[in-house]
Every structure is written in C-alpha cells, then in structure tokens.
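J.: The primary structure of each chain is shown beneath.
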Amino acid sequence: MGTYAHPEVLVDTEWVAQHAQDPNVRLVEVDVDTKSYEQGHIRGALAWNWSEELSDPVTRDIIPKESFERLMERSGIANDTTVVLYGDNNNWFAAWAFWQMKIYGHDDVRLMNGGRKKWIEEGRELVQDIPTVQPATYRAKEPDYSIRAFLPEVQRQVEEGKAALVDVRSPAEFTGEILAPPGLSETAQRGGHIPGAHNIPWGQACNEDGTFKSADELKDLYQRQEVTPDKPVVAYCRIGERSSHTWFVLRYLLGYPDVKNYDGSWTEWGNLVRAPIERGQAGART
Amino acid sequence: MAGKVSGSRPQDYMRRRERAEGWDIDIVSYKLGERYLCEIDNVDPGARIARGEGVTREEAERSALEAARKRLAMTRRHSLH
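Chains A and B, in that order, give the protein sequences. All you need for the numbering used here is the position in the first sequence, starting with 1, plus 267. All you need for the numbering used here is the position in the second sequence, starting with 1, plus 665.
FYI, nobody ran anything at the bench for these hints, they're computed from the structure. It should be emphasised that the depicted structure is a prediction, and the values quoted were computed from it without experimental measurement. Glycine residues also receive a C-beta, built at the ideal position from the N, C-alpha and C atoms. A couple of the hints might just be wrong.
A few chain B residues that don't get close to chain A, going by computed Cβ distances all over 10 Å [claimed, not checked]:
(1) 681
(2) 682
(3) 699
(4) 704
(5) 707
(6) 719
(7) 720
(8) 722
(9) 724
(10) 727
Heads up, incomplete: computed chain A residues facing chain B, CB under 7 Å, no partners named [unchecked claim]:
(11) 272
(12) 307
(13) 357
Required output: the full structure, derived from the provided sequences and hints.
T.: Set out below in structure tokens:
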C-alpha cells in the first residue's frame, strides 16, 4: 500500500477533536457562505466566507496580499500557526482556502479529511459559540503563481498539447448538456469543455464518507487517463473550487511536481468569444 | 436559525436519495439541540442547493425540498446536436 506524498497536510476528525483547543492550532470552517457555520460548527472554529473574504468580487480575483494579511491577523493566525481547514460542500472551499494560503506562502496548513460531512456523520459535537480571537501579526510572501494558471497559459497549453488538462466537473457539465450543476446559476454562455481536457470528476477521488481514496487508488485514477506526473497538469471546473480539491489531491497526496489550478475555469473559458471548445465526449471540437 | 446550541451532538442522522424535477438529490437531516436541520445536495457534482430547519424532521425537509425544487426547476438541459 502506497502512502500519500505529503501526509502531513491531512488530519482526521479525531485529530481535530484532540487539537481544536491547541493554542497554536487555528481551526477554520470555509464555505461559499457561513450559514452552515452559524447552524453549528466545531468548537473553536472561525468561519471564512469564500464569497466575501477570500475572493475579490470587483476584480474576480483572489484577495490581494494586503487583504490576505489582514484576514490572517484578525483570525489570530501568525506565520507559524498550524491552520486546519474544513468545510461544507465536500471541502471544496476549504481546498480553495488551502490553495490560496499556499499562494501566499503559509507553511503549515492542513485539511480535515472528510470535512464537515464526516464530522456530522460521526455525531461529533457542534457549537454556535464564536471564539474570541487575539489578533496576530502576519506577513504574507509574494504570491506564488506556479500553482495558479491564468488564461494565456491555458490557451498556450491547448495549442501545444503538452499539458494534461483535467476537467473535474460532472459529465453533464463536461459534455455541455448543462451549463452549471443542477440547481445552481448558469455562469457561462455555452456548454462544453476545453479542447483536449480529460473528464475526471472531483468526487472520483473520494470515498463515500468524503475522505480521500488511498494513494494507490488515486494514482490509478489519474494515470489510467494519462494524467501523469511527468507533464504539467492544469485542473479546472466552473469557478475553481472543485478544481482546488483536485489540485490538492494531485499536488499534495500524489506529489505531482507541476500542478496548477485554473480558477478562471469554465466561467471564463466558456464565455470567451471565439475560444475553441468541445461538446459531447472528449475530441469533438466546435 | 436554530435555538442557541452550545455543545450538542447531531442526533437522528438520516441520509436518503430521491429524484426532484428530474435530478437526483441527497437529503440529509438530523436533530441539533431542539431543532431539525436539513440539507439537500444535487448528488452530481454534490453541491448543496438548499437548507431547511424546523421543530420536526418533516418540517425541516419540507422547507428544504421546496427550495431545492425551485432551484432545480430552473436548470436547463441543452441539446448536444
């Protein structure tokens, strides 16, 4: 049985139960909003709202370095704090926060395996008390964009055909049958996928309880679809949160050296005038 | 919003799968403190699309299902030809 390349970035629910009150551990629940957190959260956890605190709605970008530093400081996070992230929605937005913290160079950030779903299924305690936080001092590093793909790079990768593009959306989104997950707002003018992309939905990396599959299972999942560590990999979805989850799997659980999250994702590519797309199964260029 | 919960464990946890407006959904409900909470996701890809609360499981699920159906009904299927 193989092991994860970086097992230190993953903690289980029992570890969190034992360390949630540790003064050098900051537990944060991350989701698209904080409604689940308000209903009940792990004792000691703070909440980060992806829409309002991690994203800049004006520039459609991650928050700038100075805003990130202020977020860390008011969350009581210093540069040497161990940050444990978990969330609703299958840890998608927690994975985004992990990715964003790595962009700004935070050393010790981890995900709680299985997220909020597993914590609740195990019948563990939830509280509504909001912890009192002693503000910290934080200095972010210059952003590391080696883990982030912007549009020009993705366009170049499509032309050159040397990178593995991984579309982690559902098959119905990939083919173009639907423009957004059922029940969510359509954010693109057209459906389909980036030419040459492999469709490996995010959930194939997880067990039924939301925890990650074993290293051997993950290795087999990606390598049998030619997503191998010897080439650059770019993961995308609709807005970049599901692909953060897959980025985490490839970069930290499997140890691929060159993996980027394309957070512009289908909401960007699918709206581009004259950008080539494919509809249906892979290989049907439009 | 549930009544103030200070240290409660989820009880009566239940998960089941149904179809609504032509889509698979997972319905999760449990009791936390004195209230029942319900969350519904769209199975594939697994995004939460609705929540509900109530003094009974039925009330919480009814509220969440009503919201979920409204949202799912707006999802269009596009022809690939």
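J.: May I ask which of the numbered hints given earlier this structure violates, with the numbers listed in increasing order?
T.: 4, 5, 11
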